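S.K.: Modelling step: build the complete structure from the supplied sequences, incorporating the hints.
Protein chains: 2
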Amino acid sequence: MAIFSKETHFEMTSVSNSYYPDEPTAPKVVTDTIPGPKSQEAIRDLEGVFDSRAAYFVADYDKSIGNYIADVDGNMYLDMYAQIASIALGYNNPELIKAATSSEMVRALVNRPALGNFPGCDLREILARLLRLAPAGQDKVWSGLSGSDANELAFKAAFIYYRSKKRGYDKEFSAEELSSVMGNSAPGSPQLAVLSFKSAFHGRLFASGSATCSKPIHKLDFPSFPWPHADYPSYEYPLNDHTEVNRKEDDRCLAIVEEIIKSWHVPIAALIIEPIQSEGGDHHASSYFLQRLRDITLEHGVVYIIDEVQTGVGATGKFWCHEWANIQPPCDMVTFSKKFQSAGYFFHDPLFVPNKPYRQFNTWCGDPAHMIIAGAIGQEVIDKKLPDQCARVGDYLYTKLDALRAQYPHLMQRLRGRHRGTFIAWDLPDTETRDHMLKKLKLAGCNVGGCAERSVRLRPTLAFEEKHADVFVAALEHVLTEL
Amino acid sequence: MAIFSKETHFEMTSVSNSYYPDEPTAPKVVTDTIPGPKSQEAIRDLEGVFDSRAAYFVADYDKSIGNYIADVDGNMYLDMYAQIASIALGYNNPELIKAATSSEMVRALVNRPALGNFPGCDLREILARLLRLAPAGQDKVWSGLSGSDANELAFKAAFIYYRSKKRGYDKEFSAEELSSVMGNSAPGSPQLAVLSFKSAFHGRLFASGSATCSKPIHKLDFPSFPWPHADYPSYEYPLNDHTEVNRKEDDRCLAIVEEIIKSWHVPIAALIIEPIQSEGGDHHASSYFLQRLRDITLEHGVVYIIDEVQTGVGATGKFWCHEWANIQPPCDMVTFSKKFQSAGYFFHDPLFVPNKPYRQFNTWCGDPAHMIIAGAIGQEVIDKKLPDQCARVGDYLYTKLDALRAQYPHLMQRLRGRHRGTFIAWDLPDTETRDHMLKKLKLAGCNVGGCAERSVRLRPTLAFEEKHADVFVAALEHVLTEL
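Line order of the protein sequences matches chains C and B. Final position of the first sequence in my numbering is 488; the numbers increase by one with none missing. Final position of the second sequence in my numbering is 488; the numbers increase by one with none missing.
In short, the hints are calculated from the structure, not lab data. Take these hints with a grain of salt, some might be off.
Note that identical chains are pooled: a pair holds if it fits in a single copy or bridges any two copies.
What the hints assert, rightly or not - For lysine-lysine, the following PhoX-like pairs were computed, each having C-alpha atoms within a straight-line distance of at most 25 Å: (1) 68 with 103; (2) 68 with 33; (3) 68 with 445.
Only a predicted model underlies this, so the values are computations on that prediction, with no experimental measurement involved.
M.R.: Laid out in structure tokens, this is it:
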């Protein structure tokens with residue numbers, strides 16, 4: 006029997022549950038192992054046709070609700086991982102069910118349009134719901150299908166922009182460009198690079214994968230573009246106690262960025278950065294760092310792309326994490342996916358629309374079905390002021406975790422995410438201990454993810470409240486005493 | 006007033022309409038220009054936030070039905086283009102509406118899972134519906150989000166397979182591989198190539214774009230991998246009158262393929278081919294050619310990928326076009342998207358599952374919502390024997406077009422697609438005349454697409470019947486007399 010049986014309930018510090026009145030008050034774990042026997046059987050059944058070796062367990066989404074995810078063995082976990090940080094509002098959200106059963110959704114699913122050639126008359130309205138959520142300074146959008154896709158579409162826009170600036174926006178292509186490009190050669194297909202950062206995660210296709218630098222397993226055996234990775238600042242925590250050394254760290258990394266831009270063997274057309282490197286270890290970049298990147302990219306004519314695929318949509322206490330930095334002038338593009346359900350990039354400069362049609366184009370040009378869900382998510386985030394709630398609950402959670410850190414400094418190293426909503430992480434001494442903690446947390450009814458080699462990252466939904474934080478902290482405390 | 010007013014009806018040779026009883030009996034064009042004034046206004050409105058320069062018109066999907074697409078100006082076109090060949094069953098199909106309003110669809114949309122980590126208990130059943138439609142010889146699937154994505158995921162599987170075969174499937178990576186890959190360098194990130202064909206279209210991301218070789222506008226200003234393109238056979242038509250010269254053309258191109266595999270400056274890990282190059286000009290490959298590619302790829306240890314993104318799902322008279330060639334042993338992977346609505350690749354060899362988890366992986370690993378639609382499409386295609394219908398209607402249409410070709414040989418050059426269902430195309434003398442024909446056809450109520458520089462391609466839905474063929478042939482005849 007696992008640690009927390011059906012009968013085990015944590016004490017609650019708050020009782021109201023406005024968002025999900027039918028949510029459980031505590032997790033429930035009824036199997037000795039996770040995945041439990043029924044999950045294991047279902048995974049074996051999948052294995053023959055679909056690679057499922059990475060499955061944590063097999064979920065029962067009908068029985069999942071709000072912050073709680075059910076599995077086929079009857080376990081019910083408090084979900085602090087939320088589909089790799091991609092569920093914004095919790096499971097079976099009533100407003101999303103309304104959107105999913107709307108007539109516009111049926112239309113979008115059964116008549117999926119080629120948006121570039123045959124936009125529907127509802128597209129403007131569907132887009133308007135996304136655009137009203139655009140980051141400060143951005144007012145246009147191009148849509149894609151996933152985080153990798155969003156970043157690669159942004160790269161395409163950046164490369165076209167970069168070359169158009171050199172060539173002249175309205176200038177025709179040369180005969181040499183037109184012929185060489187068909188052989189994948191310069192000048193039509195120029196050697197240009199995107200600069201990203203060590204530990205970055207921007208996706209797993211070939212260009213996004215070249216910008217990704219988190220783990221070898223993401224990249225091994227694939228050809229890649231010879232693109233550089235600068236150092237991402239690695240701060241001392243708590244931040245307030247180390248302002249001077251952390252500023253030095255920022256400047257050290259900024260110097261590397263500038264050096265690469267000046268000296269890389271092919272021109273750097275764009276720079277892409279996550280305001281918090283998530284998959285790569287929950288490294289936070291300071292506002293100073295993000296602003297200085299704007300200064301440097303402007304100075305050198307480099308396109309500045311901020312990747313908000315994981316950080317976007319409210320969990321950090323702002324709708325978009327980089328809004329904490331109030332970068333001026335705004336960055337050139339902001340990519341999104343995951344919690345937004347719809348993917349793509351926001352931008353503001355009309356020169357990022359290529360000079361001819363069919364340059365940034367594909368069959369579907371996005372997916373109205375998921376855009377409709379995105380619009381409904383955005384409406385809820387606004388109506389319920391969820392970034393504010395994340396800020397409040399995040400501070401509440403951080404304070405409790407900080408107290409645990411004082412008790413267990415060895416097992417809660419470099420606690421990160423103060424005043425960044427529920428975007429909280431810490432390090433364990435090594436991978437083995439981290440994995441052990443995650444396993445124990447699961448048996449204690451909390452589904453939590455790791456990142457990098459030895460970090461734990463918290464990625465609850467925006468419907469995460471103080472009472473959920475209490476459940477998690479109690480479970481964590483229990484696990485810490487056992488480790 | 007356009008050519009065909011509300012009052013103009015074509016004569017019908019058949020009257021039954023089992024699939025869409027409420028479908029119009031003829032197109033209706035009520036505007037002098039296409040796009041009409043309301044479409045133009047809606048496009049202008051979109052332009053400010055979403056690049057819509059490629060829009061043909063703004064559609065009203067509520068009013069569209071079966072083979073007919075409505076626009077906001079009140080025009081109703083017979084749709085022979087069908088969202089760039091991506092609508093299988095026609096607009097507002099009743100079976101798809103059932104699927105779109107099912108409880109499993111709501112679940113898939115509001116609780117979109119990270120399929121690799123947290124598959125739902127319904128995933129096996131949803132996948133089973135796809136797998137029963139797998140091409141002959143294939144029984145496993147990995148899912149993605151678009152044609153580009155499907156091809157790049159297949160490339161990843163091919164590169165991993167290729168390197169694993171050299172290294173030993175169960176062998177660990179070397180320290181040098183693990184470190185070099187983080188710098189995008191060999192040996193961890195090896196220089197490997199995918200061989201494709203001139204005029205090929207495999208997508209518009211960076212690796213798929215490197216394999217694409219249809220038009221400069223698809224590729225200009227993007228960095229690419231230095232991957233080669235062999236000649237795709239270009240036959241004399243009608244095929245039956247030119248068997249000898251066409252066989253020679255096959256052999257000429259096969260020799261080029263073999264030469265590239267032997268001599269390219271980096272190893273060729275995979276070969277990808279469309280059984281009919283669609284975007285690139287509706288070039289058909291013979292069964293002999295596709296089989297010989299199997300022989301050659303086996304001999305040289307090259308992975309053989311068939312791209313059925315546009316050709317798949319019945320329109321050619323087989324569910325998968327390459328099934329006409331009965332390739333033995335089967336190719337290694339078959340990629341799909343478009344009419345299938347769901348995207349990904351089918352395969353059969355378990356060694357195409359990487360030796361470790363998280364190598365072929367991403368957040369969503371596909372999209373159950375569109376898989377559910379794919380399953381419903383497949384069920385209809387089977388129940389209604391739609392590939393057989395396409396074969397029958399295609400032959401009917403081809404015969405009529407062949408008669409027109411005899412009358413207008415200059416305007417119907419190289420008529421292609423005999424016995425390939427409704428996958429029919431022909432050439433005009435030049436781009437200008439082709440574009441003029443497409444414009445006239447639109448004003449005659451038929452929405453038709455072009456491909457390559459001077460081809461017209463027909464891509465109706467699978468619900469296309471003899472009566473629709475009659476409407477189209479009458480419109481075409483009218484246009485031909487005017488050109």
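S.K.: If a hint holds in the structure, say so; if it doesn't, say that too.
M.R.: Against the structure, the hints:
no.	hint	verdict
1	68 with 103	both (18 Å within a copy, 23 Å between copies)
2	68 with 33	within (13 Å within a copy, 50 Å between copies)
3	68 with 445	within (23 Å within a copy, 56 Å between copies)
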